[in-house]
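Undergrad: Below, each chain spelled out in residue letters.
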Amino acid sequence: MRLRMLDHTADVGFEVEAGSLAALFEGAAKGLLEVMFEGPLEAESGDERRLRLEAESLETLLVRWLDELAYLVQTRGEVPLGTEVSLDHTPAGWRLEARLATVPFDRVANRFAGEVKAATYHGLEIEQTGGRYRARVILDV
Amino acid sequence: MDVSFVQEDRYTFRIPRQGKMRTDAVFFASKPILAQLEREDYASLVQLMNVATLLGIVGPALAMPDLHWGYGFPIGGVAAFDPAAGGVVSPGGVGFDINCGVRLLASGLERRNLEPRKAWLADRLYEHVPAGVGSRRRDLKLNRKGLARVLAEGAGWVVRQGWGEAGDLEFIESGGRLEGADPGRVSERAYERGLPQLGTLGSGNHFLEVQYVEKIYDPEVAAVFGLAEDQITVLIHTGSRGLGHQVAQDYVQRFLQSAPRYGIELVDRQMAAAPIESPEGRAYLAAMAAAANYAFANRQLITHYVRAAFEATGFAPRDHALRVVYDLAHNNAKFETRRGRRLLVHRKGATRAFGPGAPDLPAAYATVGQPVLVPGDMGRYSYVLVGTKEAMEKSFGSSCHGAGRVLSRAKSKKQVRGRDLVRELAERGIEVRATSRRTVAEEAPEAYKDVAEVVRVVEGAGLGRAVARLRPLVSVKG
Numbered sequence: 169m170r171l172r173m174l175d176h177t178a179d180v181g182f183e184v185e186a187g188s189l190a191a192l193f194e195g196a197a198k199g200l201l202e203v204m205f206e207g208p209l210e211a212e213s214g215d216e217r218r219l220r221l222e223a224e225s226l227e228t229l230l231v232r233w234l235d236e237l238a239y240l241v242q243t244r245g246e247v248p249l250g251t252e253v254s255l256d257h258t259p260a261g262w263r264l265e266a267r268l269a270t271v272p273f274d275r276v277a278n279r280f281a282g283e284v285k286a287a288t289y290h291g292l293e294i295e296q297t298g299g300r301y302r303a304r305v306i307l308d309v
Numbered sequence: 002m003d004v005s006f007v008q009e010d011r012y013t014f015r016i017p018r019q020g021k022m023r024t025d026a027v028f029f030a031s032k033p034i035l036a037q038l039e040r041e042d043y044a045s046l047v048q049l050m051n052v053a054t055l056l057g058i059v060g061p062a063l064a065m066p067d068l069h070w071g072y073g074f075p076i077g078g079v080a081a082f083d084p085a086a087g088g089v090v091s092p093g094g095v096g097f098d099i100n101c102g103v104r105l106l107a108s109g110l111e112r113r114n115l116e117p118r119k120a121w122l123a124d125r126l127y128e129h130v131p132a133g134v135g136s137r138r139r140d141l142k143l144n145r146k147g148l149a150r151v152l153a154e155g156a157g158w159v160v161r162q163g164w165g166e167a168g169d170l171e172f173i174e175s176g177g178r179l180e181g182a183d184p185g186r187v188s189e190r191a192y193e194r195g196l197p198q199l200g201t202l203g204s205g206n207h208f209l210e211v212q213y214v215e216k217i218y219d220p221e222v223a224a225v226f227g228l229a230e231d232q233i234t235v236l237i238h239t240g241s242r243g244l245g246h247q248v249a250q251d252y253v254q255r256f257l258q259s260a261p262r263y264g265i266e267l268v269d270r271q272m273a274a275a276p277i278e279s280p281e282g283r284a285y286l287a288a289m290a291a292a293a294n295y296a297f298a299n300r301q302l303i304t305h306y307v308r309a310a311f312e313a314t315g316f317a318p319r320d321h322a323l324r325v326v327y328d329l330a331h332n333n334a335k336f337e338t339r340r341g342r343r344l345l346v347h348r349k350g351a352t353r354a355f356g357p358g359a360p361d362l363p364a365a366y367a368t369v370g371q372p373v374l375v376p377g378d379m380g381r382y383s384y385v386l387v388g389t390k391e392a393m394e395k396s397f398g399s400s401c402h403g404a405g406r407v408l409s410r411a412k413s414k415k416q417v418r419g420r421d422l423v424r425e426l427a428e429r430g431i432e433v434r435a436t437s438r439r440t441v442a443e444e445a446p447e448a449y450k451d452v453a454e455v456v457r458v459v460e461g462a463g464l465g466r467a468v469a470r471l472r473p474l475v476s477v478k479g
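Protein chains in written order, with my numbering: chain W, 169 to 309; chain P, 2 to 479.
Read the hints as simulated data drawn from the structure, not as lab findings. Ideal placement from N, C-alpha and C gives every residue a C-beta, glycine not left out. Mixed in with the good hints, there may be bad ones.
To be verified - Take a look, some chain P residues computed to stay more than 10 Å from chain W by CB distance:
hint, residue
1, Phe14
2, Ser175
3, Gly243
4, Ala367
5, Val417
6, Glu425
To be verified - Pairs of lysine to any residue residues, derived as SDA-like cross-links and limited to a Cα-Cα distance of at most 20 Å, are as follows:
hint, chain 1, residue 1, chain 2, residue 2
7, W, Lys198, W, Arg267
8, P, Lys414, W, Gly207
9, P, Lys146, W, Leu209
10, P, Lys415, W, Glu202
11, P, Lys412, W, Glu206
12, P, Lys412, W, Leu171
13, P, Lys412, W, Phe182
14, P, Lys414, W, Asn278
15, P, Lys412, W, Arg172
16, P, Lys414, W, Phe273
17, P, Lys412, W, Thr177
18, W, Lys198, P, Ala411
19, P, Lys414, W, His176
20, P, Lys21, W, Gly291
21, P, Lys414, W, Pro208
22, W, Lys198, W, Ala260
23, P, Lys142, W, Thr243
24, P, Lys414, W, Arg267
25, P, Lys415, W, Gly291
As the list claims (entries may be wrong) - With the Cβ distance kept under 8 Å, some of the chain W side facing chain P (calculated, not the full set):
hint, residue
26, Leu171
27, Met173
28, Phe182
29, Glu183
30, Glu185
31, Ala186
32, Val271
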C-alpha cells in the first residue's frame with residue numbers, strides 16, 4: 169500500500185494505491201488518520217468494533233467509509249488505529265465489512281490536529297491498472 | 002474545458018456561455034487575483050462554469066474576488082435558481098458547514114482598557130469556549146428534544162434560555178432563524194453529532210478574535226453600526242458543526258441517487274442537485290434550514306460564553322457592554338425576490354451584502370445597508386464593509402467572505418517550520434491560544450491572501466464599501 173498526502177490550496181487529501189480493493193480501503197483509513205492526527209499513532213491493543221456498510225458504487229462506499237470513521241473519532245471518541253476490511257460485490261452494489269481496533273480518543277487527544285468535516289466526491293475515482301488500485305480523495309477540513 | 006474570458010471593466014470578467022453552460026459566468030478580480038487563478042490553472046473558474054450548467058440557473062453564475070477552488074461550487078460562488086423553471090438546489094452550493102458565518106460584537110471598552118488584561122482575557126476565552134472534539138461544556142445540558150427546538154427556533158431558543166439579550170436577535174441575518182426548518186428532516190446521526198457540540202468553535206479556519214478598531218473609512222456609516230476608533234470588538238467565526246456536516250453528507254448521497262430520475266446530469270458528483278420543487282429538494286431545504294438555525298444558535302451561545310469570559314476578566318456587563326453589530330452567514334441557500342421572481346440564491350463562501358432600503362435589514366441599518374464582515378488572517382486585519390445598491394444589481398446582493406488561502410496547509414506548515422509562531426504573534430501584540438500547534442502553523446498569516454486586495458476589488462466593483470478595519474489582539478483557535 170502506498171499513501172501520498174496531497175497538497176491542495178483550500179483542502180487536504182491523499183492518494184492511495186494498493187494491490188487489492190480491501191487494502192485500498194485500509195490505506196484510505198490511514199490517510200484519514202494522518203490528516204486528523206499529528207505524527208504516527210501508537211498501535212496499542214484496543215477495543216474491537218465491527219462495521220458493515222453498503223453502497224451502490226465503490227466510490228460512494230469509500231466516501232461512506234471515511235465519513236463513518238471520522239464520525240467514530242469525532243462523535244464516539246473511538247480512534248480506529250487498525251482496520252481489516254473485506255469487500256463483496258452484491259446485487260445492489262458493494263458491501264464492506266470491517267474489523268476495527270480502536271483506542272479511546274482521550275488516549276491520543278494530544279495528537280489531534282483538527283476536525284474533518286467530510287470526505288468529498290470531488291475528483292474521486294477508483295482506478296484499476298495492472299492489478300493495482302488507486303484512489304484520490306479530497307477531504308473538507 | 003477551455004477557459005476563456007473577456008474583461009468587461011476594470012474588475013469584472015465574463016466567461017461567455019459555451020458547451021453545456023446554460024448562462025454566462027461572471028467573476029470579479031484584479032491583476033494579482035487573476036495571476037493566482039492562473040497559478041491554479043483556472044480550476045476555480047472551471048468549477049464556476051460547471052455551476053452555469055445547472056438546471057434553472059438565472060443570470061450569470063457569479064464568483065466573488067476571494068474565489069478559490071472548492072469541491073462542487075468554487076468557494077466565493079453565488080448562483081440563483083428559479084423554482085418555477087425547474088431550478089435546482091445543491092448541497093455542494095452551500096457547503097458542508099451549513100450556515101457557517103461570522104458575528105461581530107462591539108464593546109464599550111477601548112484598547113487602553115484591555116491591553117493590561119489581554120493575556121488574561123485570552124486564557125478566559127480559551128477556557129470558556131470549547132473547540133468541540135475532546136472538549137465540551139459539561140454545564141450545558143441539552144437533550145434531543147431541546148436540540149429539536151434549537152433546529153426549529155435558532156438563536157431565539159438560546160436567548161430564551163437566558164443566554165443572551167433579546168436585542169441580539171434583531172442584528173442577526175434573518176433574525177437568527179431561517180423559515181421552513183423541519184427538525185424531522187434531520188437524521189438521527191446528525192442529532193447525535195450535534196448534541197455535544199452546541200456552543201463549540203470547531204477547528205480549521207474557525208476562530209474567535211478580540212480586536213480593536215484601527216481605522217474608520219466611513220464615519221457616518223461607522224456611527225450607525227456603533228463603531229469608533231480604538232473600540233474593542235469581537236469576531237466569532239463558526240458554523241453548524243457536525244450536525245450541518247452530517248445533513249450535507251446525507252443529502253449529497255440522496256441527491257446522487259435521485260439525479261438520474263430528474264434528468265440531472267452531473268458534471269461533478271459533488272454538485273449533486275435536485276429540483277427545488279421536488280420531494281428531495283424540499284426535504285434538503287427543510288433540513289438545511291434546521292442546520293442553519295443550529296449555526297445561528299451556536300454563535301449565540303458562544304456570544305454568551307464570550308460575555309462571561311469578559312466578566313471573568315473583571316469587566317462588568319455595563320463596562321464591556323458587548324452587543325451584536327451583525328451576524329452574517331456565508332454558506333447557505335435562501336429564497337429572495339428579484340424583479341418579482343422568487344429565486345433560491347446559493348452563497349458558498351460568499352455573504353449577503355444588501356444595500357440601503359433592502360428587505361430583511363435591522364431597522365437601525367435600513368438607510369445605510371447591512372454590515373458585511375470580511376475576516377482576514379490572524380496576523381493582519383479584518384474589514385467591516387457596508388452593502389450597496391450596486392451589489393443588488395450585479396451580484397444578487399452578495400459580496401466576499403474573507404481572504405482565501407494562498408498556501409496549502411502543507412506549504413504553510415513548511416514555511417513556519419522551526420519558527421515559534423505563537424511567540425512571533427505575541428511580539429506583534431497578538432495573544433494566540435490554540436488547541437493544536439499544527440492548526441496555528443496551517444493558519445499562519447502568510448497562508449492567506451492579503452484581504453486588503455480582496456476588499457479593494459469589492460470596492461472597485463461596487464459590491465461593498467469599506468467602513469472600518471479591525472486589528473487582532475487575541476486569537477483563539479480550535
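Undergrad: Each of the hints needs a verdict: does it hold here or not?
TA: Comparing the hints with the structure gives:
no.	hint	verdict
1	Phe14	20 Å, holds
2	Ser175	23 Å, holds
3	Gly243	6 Å, violated
4	Ala367	36 Å, holds
5	Val417	14 Å, holds
6	Glu425	20 Å, holds
7	W:Lys198 with W:Arg267	14 Å, holds
8	P:Lys414 with W:Gly207	14 Å, holds
9	P:Lys146 with W:Leu209	38 Å, violated
10	P:Lys415 with W:Glu202	16 Å, holds
11	P:Lys412 with W:Glu206	16 Å, holds
12	P:Lys412 with W:Leu171	18 Å, holds
13	P:Lys412 with W:Phe182	15 Å, holds
14	P:Lys414 with W:Asn278	18 Å, holds
15	P:Lys412 with W:Arg172	15 Å, holds
16	P:Lys414 with W:Phe273	24 Å, violated
17	P:Lys412 with W:Thr177	9 Å, holds
18	W:Lys198 with P:Ala411	17 Å, holds
19	P:Lys414 with W:His176	13 Å, holds
20	P:Lys21 with W:Gly291	19 Å, holds
21	P:Lys414 with W:Pro208	17 Å, holds
22	W:Lys198 with W:Ala260	27 Å, violated
23	P:Lys142 with W:Thr243	17 Å, holds
24	P:Lys414 with W:Arg267	34 Å, violated
25	P:Lys415 with W:Gly291	26 Å, violated
26	Leu171	14 Å, violated
27	Met173	7 Å, holds
28	Phe182	11 Å, violated
29	Glu183	13 Å, violated
30	Glu185	19 Å, violated
31	Ala186	22 Å, violated
32	Val271	13 Å, violated
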